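4 protein chains.
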Amino acid sequence: MDEIREECGVFGIWRRNDKDVSKDIYYGLTALQHRGQEAAGIAVCDSSGEPGNICIYKNRGLVSEVFAEHKLEELKGNIGVGHVRYSTFGGSDVRNAQPMAFQYLKGTLALVHNGNIVNAIDIKERLFKEGSVFSATSDSEVVATLIARLRAKTGSVEEAVKQAVPILEGGYALIIMSPRKLVALRDPQGLKPLCIGRIGDGYVISSEDCAISAVGGEFIRDINPGEIITISDKGIRSDTELCTSESEHAHCIFEYIYFARLDSTIDKVSVYNSRYSAGRALSKAYPVEADIVAGVPESGLTAAMGYADEANIPYVQAFHKNSYVGRTFIKPTKEERESAVHMKLNVIADVVRGKRMVLIDDSIVRGTTIANLISMLRSAGATQVHVRICSPPFLHPCYYGTDVSDNSQLIADHMSVDGICKMIGADSLGYMRIEDLSEMTGDLPLCKACFDGIYPTEVKTQG
Amino acid sequence: MDEIREECGVFGIWRRNDKDVSKDIYYGLTALQHRGQEAAGIAVCDSSGEPGNICIYKNRGLVSEVFAEHKLEELKGNIGVGHVRYSTFGGSDVRNAQPMAFQYLKGTLALVHNGNIVNAIDIKERLFKEGSVFSATSDSEVVATLIARLRAKTGSVEEAVKQAVPILEGGYALIIMSPRKLVALRDPQGLKPLCIGRIGDGYVISSEDCAISAVGGEFIRDINPGEIITISDKGIRSDTELCTSESEHAHCIFEYIYFARLDSTIDKVSVYNSRYSAGRALSKAYPVEADIVAGVPESGLTAAMGYADEANIPYVQAFHKNSYVGRTFIKPTKEERESAVHMKLNVIADVVRGKRMVLIDDSIVRGTTIANLISMLRSAGATQVHVRICSPPFLHPCYYGTDVSDNSQLIADHMSVDGICKMIGADSLGYMRIEDLSEMTGDLPLCKACFDGIYPTEVKTQG
Amino acid sequence: MDEIREECGVFGIWRRNDKDVSKDIYYGLTALQHRGQEAAGIAVCDSSGEPGNICIYKNRGLVSEVFAEHKLEELKGNIGVGHVRYSTFGGSDVRNAQPMAFQYLKGTLALVHNGNIVNAIDIKERLFKEGSVFSATSDSEVVATLIARLRAKTGSVEEAVKQAVPILEGGYALIIMSPRKLVALRDPQGLKPLCIGRIGDGYVISSEDCAISAVGGEFIRDINPGEIITISDKGIRSDTELCTSESEHAHCIFEYIYFARLDSTIDKVSVYNSRYSAGRALSKAYPVEADIVAGVPESGLTAAMGYADEANIPYVQAFHKNSYVGRTFIKPTKEERESAVHMKLNVIADVVRGKRMVLIDDSIVRGTTIANLISMLRSAGATQVHVRICSPPFLHPCYYGTDVSDNSQLIADHMSVDGICKMIGADSLGYMRIEDLSEMTGDLPLCKACFDGIYPTEVKTQG
Amino acid sequence: MDEIREECGVFGIWRRNDKDVSKDIYYGLTALQHRGQEAAGIAVCDSSGEPGNICIYKNRGLVSEVFAEHKLEELKGNIGVGHVRYSTFGGSDVRNAQPMAFQYLKGTLALVHNGNIVNAIDIKERLFKEGSVFSATSDSEVVATLIARLRAKTGSVEEAVKQAVPILEGGYALIIMSPRKLVALRDPQGLKPLCIGRIGDGYVISSEDCAISAVGGEFIRDINPGEIITISDKGIRSDTELCTSESEHAHCIFEYIYFARLDSTIDKVSVYNSRYSAGRALSKAYPVEADIVAGVPESGLTAAMGYADEANIPYVQAFHKNSYVGRTFIKPTKEERESAVHMKLNVIADVVRGKRMVLIDDSIVRGTTIANLISMLRSAGATQVHVRICSPPFLHPCYYGTDVSDNSQLIADHMSVDGICKMIGADSLGYMRIEDLSEMTGDLPLCKACFDGIYPTEVKTQG
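Residue numbers (this note's numbering), protein chains in the order written: chain A, 1 to 463; chain B, 1 to 463; chain C, 1 to 463; chain D, 1 to 463.
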């Protein structure tokens, strides 16, 4: 599935004495790179130095493109935050790259943010009326301004963060660095992931635990929905006053289906296991006689292994993926288009020739990519192609940061399953049933609004 | 004189239909490049399009480095502002590059600014208390925030600008672009230059008139101190209510001595003539028997011609200047240092050998450069070197944008003229007398605070 | 296996009228990028234009980094050759990038080359004595000079190529472009792969067939060892006079084990099938009781599927590979080193915890990488790790282009299999037996000198 | 004069122990940058190390753009050569950038070359027939190949250079570096300049003496036409066997008029003096009643001072030159063209208004630039513009490296002086008379073939 784009990854670190946290952040962001490839940034601060002296560098591109070694060496400090971005609300302008740093009455702060504030426009309007001025267009700047204004009236950053929570609607994971502290906040529904780990005599906060192990840290636990964590030289403090009861939680199902890294575990559910189980559930729900099972790289592969295991059909690799077809690759023009999918994914003909196959993908948005793949498989000699999809049909827009917000793009919105099956040229098509999602994630309370239209917060369409 | 750095150049343009003003701004900024080589930026707006849709691009480097052709083509609009920057208050961070664009209650505006707001810290403190948040560190952001806040409470941008004038202390030239208008403002003392011209069916505003002719425009007049000019599709409007009487004017003498381009005319005084007259005045004040007269490139050359003419001594070129020794040139280390001045300026030995010479420079800050040059001239065979300086001794810091704000750097602060003469190794030394400055600029009311300590506004040392 | 680096990929195309072959070459080289990531280059020629007017562009970097769209558009022609390079003999200097273009008595030619000329130094010495001068240091320049000198004495490029064959010892695939023709040559042992396809009214020549399908062409056949193919507007001509009998053929086994792309078929043997069969063979030769089978990405995965299938043990994915850890990634220092493998490959702990596993890799050179992986697997809870290697122990250097030419680097050269097993921390270790290689490639005659020391050509150690 | 482009600058250095000559070369090339701005390169060698180990780096751009500090640090050696290039014969391809390094029978050599070999095509043909192959298209590669082939048959590089002299026709200055020696050669007519200096315990060779003083060296003398200088650890050796008598010398007059730097002295004639004298000569030959004398920057300025002095009319600066209009400046399109000259050169109106002026330029090629300038001067109020040109009319092509080789471009070839005067809009026009050239350079034997068609060598038009 190419059409849904993940959003952002956040990373924060606090170490007692080590002044080279920028390098840890570099490794952490590289581990989170799958969450956003458009821009990357790091802000650090030396808590023993001049207060307010935050060093920041950010630019468009991958982490390894944005940061050369000498850049990291210039970023000296023992506290830091980092960000990888795929643009959601606000456009791809470099002004919207994060971290964002702000001066305000009591000093300086830097902020990184994953997610979407559903009522950002309302809050912005209110801040405008109070005389605020904005230089970027992202909702992160709105959050930062809100917190800075609240901070001007309260005793501490963490108190300002706390006062902001009732105002902010949406899914978000935030890390705020003041010259002496890190403050981390996860939205009260737990839509966005955020976890904490230990590293030496310090702490690390990350969107996913894979980035904690990437820097040699040790996972402690997920931050609870609504929890505010403050790390300073007085140690770590958890404010759970705004934490919600489990019945109010709504963890985004798409983190498991698509966003998160295969080796991460979020809210105690292993991403790998959830996908493998999705494959098993699809096999039970839609059994079919076939010779081989294959997945669409990358996110369909694990489910294909689960399907193969449950159905006792050999798992094979039907596609070769060319990892050199990257961002700067010159795409073929319309006339040359047919070869385009071949460039990135090519069928391994010897594997599929003369075979009845099951093909697993994570989701269908427009349906054009899977249709192409099926046609390639048939050209290579596959006799049957039975498609199984690890998620229910996409019927509703997401307001929390997933970049598919317009119904007209959703094929399932205006076509039956049979119609889609024919359109993509499959022999049969089975979508994961909503009631089977629990096979993926057990009794974890989920946000599955994109499938069932039940939104965990108030929403308002953004003009 | 290498040690004083000019500040900034501003340029604005309003055309009725032409959507390619970015190219005009490109040429205008190239003509103003001498005012700042650190960063360049352009913001444009299409007044017939979506309001608020301002396109902006800025980066470190020369105009020709920052803007490639395709960049200019992306910047479509019929109104625009541009800026070349040398950092004064705020540091060289790219965040401080201009134009600065802001969203506020009533829409969007972009701002370019030359000068220094003396009380920027006080205004910032006041804005902090009202809840403002800043993302850059320059005083331009302070001005923009102030205007945006005032705009939120008043009926028009020009009204907001007008209310800002009594609050802002210092020397400044401002151009503000709202989606439909250009508003230009010159400080009530007229410290910073700003003029207006006609181009086709539109108007152009510029720090110096050389940029007006560079784009094929026609100079109309200087903007008056305290005058607010508004250009929109209703035509041009001048608000003179805050204009001061001539006795309150204080035009910066250093624009004539050093900052402005030789072919500019500011406040009706030709820069070339003022420098040529400075040379004549020096010749009358400090005559000396000599064989040749030469200037230190570039800003000493014209005065040398005037001195030569007055004294009836041949004008010669004593130095070759290597124009390829630019910003990226790798400077010699200390041990290799002696050759450094040779790299940039080399004596033309055949010209000075066996000659008694007069050497003209614009000013002396630390005295090291002129000392080096004199030593080079003597090595090449000059028998006498009589130094004449086009400005009086530097005794007081400038708070209005000139980057020499610390007395300890000023050699004249702690040394007599005789002492300096010995220190630099000259046979005689003559500084322009304060009473002779009128020979340069006639009866133009001047700010010459750096010489006499009489400041035209309240000042406050910035911490 | 990280330690062996593939060498080069070559691509050539001849079209009757289409002047945009540079874009085809771009796609072809992208499909061959796995064969070399250090430098890329394209040379084209318009056969209807001025003879001798060859346009060439090459630089360090990936194909997509070297070629922007406007670069391709400047390269107009209907004949062309392209190259991706990993440096073997000659160093990484950009002077050694290919294509290499030469002027000689009869005109101009461009050449691309994959492989190693074993007696390059001898030939160079001989050319030196005849007065030749070299500006690069690669053996490709030696080949080109040899052919150009022969061409000066003979009637055609193809004749010169033919005369060069008895002089050149080694493994090589060559494509030579003269202003009107493409001439392709494969070494008489068939050590290096080269095949031909049809595209529209033209032809394409490539190291692997995956690049033929990438440009929408149709595979015709492998070029025979010793065969010379000439393509011009007179059509295609095959000169088989120097072709050897099958008993003299010696196809490089490492193309199947490691170099070639999974979806390629070389000399009628599918790379996928050969690797899958290697897994099966390993399972038969070294059965073991285990819960799961996994491969080391990328080249160990297919064999792991084969092993799993043969042994009837579930195939799983034990590692997540971070595809963003690329060439420009800043590697951790020694002290940070432990996390380095984690950055690129991370264990999916939920998969291996409490499991007895079989781990398949393609080969062992130094043994350090596999030792690290095993230690990671045990940390994640794997109870047993049985290692199976798809190739026999590496005992002899390769002189034909594989970048492992020094015995001291080969762990198998100075350690027993038991010793290696202990050193890498495996529970058991099984190398593919030489006699089982036929299970991979059937009765294809192979060069397996790196395992058995039997070289198909004379060799001479290069000083 | 914009239309004639200078050619190249060469620089060589030999130091006993200092391994950082690359930095000296960097400074030397910066001092010679006026001779070529298209490409720059440095090759160095450590004479105490492995023989043949020459390090080289070259690229398109100015010296300061091509060489960053770390690049210079990688170029370690005590012998070196450098080159700045403006393309003459061979095109602007980076393959033609110098130094060129070659391997040949006896080792390695690097070569830098200023000038043009008139019979390069003949020599190339001959080398082709002997089996040579060329990878670049410049005549420098021809020279290098010739020398390498001769070296293969003789005992030393200097002997090979000597044998090459009778074969090479044209104007050239060569520096050849072998791993232990520098060999410098100046053509027997002395068309191109080359001189030698001392630096510490070593030597430096340069196109002009300004580069010797730029590195802190001491000028020794010009190298004689036909002289071969060899520098090695045995000291310096001069071979004068091929030196010609003074009557055969023919020094290029354009070095004085335009190419060389104002502060250089070539063949004992000061460039400054020669230009100043040209001005005096013009004043005597073409006196006119006028108020002011001005020059066209840069090369017309000195002559204008001489004219002013001789005529006793005040010297003034009539144009401001914008030094920021550089190579990357986006030129105005045809419609915007009028402003183009204004961008680079702007009239200082106050200087010329109401004045009768004499305007001095170095030469006229097409006449369009001077016509534009005259029109600008009249617009600014000049009442009369009398043009004086420091060189006779251009009537014949130059075959020795000056980039004007086609008669059709030369306005003087098909128009009378009166016609040109009218065409450019001058009130009067006076060209330097051929018989007056001796006033510039005394009795120095000159090549003035471009004026009188008398070529000092055989010439042959290059196809």
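Some hints could be false.
Since the list gives no way to pick out one identical chain from another, each pair is judged satisfied if it fits inside one copy or across any two copies.
[Stated by the list, open to error] List time: in silico DMTMM-like cross-link candidates among lysine to aspartate or glutamate, alpha-carbon distance up to 20 angstroms:
hint: 1; residue 1: Lys106; residue 2: Asp122
hint: 2; residue 1: Lys76; residue 2: Asp46
hint: 3; residue 1: Lys76; residue 2: Asp201
hint: 4; residue 1: Lys76; residue 2: Asp233
hint: 5; residue 1: Lys153; residue 2: Glu130
The hints are simulated quantities; they were obtained by calculation from the structure and are not laboratory data. Fair warning: this is a prediction, and the values are worked out from it, not measured in the lab.
Here is how each hint holds up against the structure:
Taking CA atoms no more than 20 angstroms apart as the test, Lys106 paired with Asp122 passes between copies only; the shortest distance there is 15 angstroms, against 26 angstroms inside one copy. For the homomeric pair Lys76 and Asp46, the shortest alpha-carbon distance inside one copy (7 angstroms) is at most 20 angstroms, but the shortest distance between copies (39 angstroms) is not. Only within a single protomer do Lys76 and Asp201 lie at most 20 angstroms apart by alpha-carbon distance; the minimum there is 18 angstroms, versus 45 angstroms between protomers. In this assembly of identical chains, the alpha carbons of Lys76 and Asp233 lie at most 20 angstroms apart only when taken from the same copy (18 angstroms versus 49 angstroms across copies).
In this homomeric assembly, Lys153 and Glu130 come within 20 angstroms of each other (Cα to Cα) both inside a single copy, at 14 angstroms, and across copies, at 10 angstroms.
Comparing the model with each numbered hint stated earlier shows that all of them hold.
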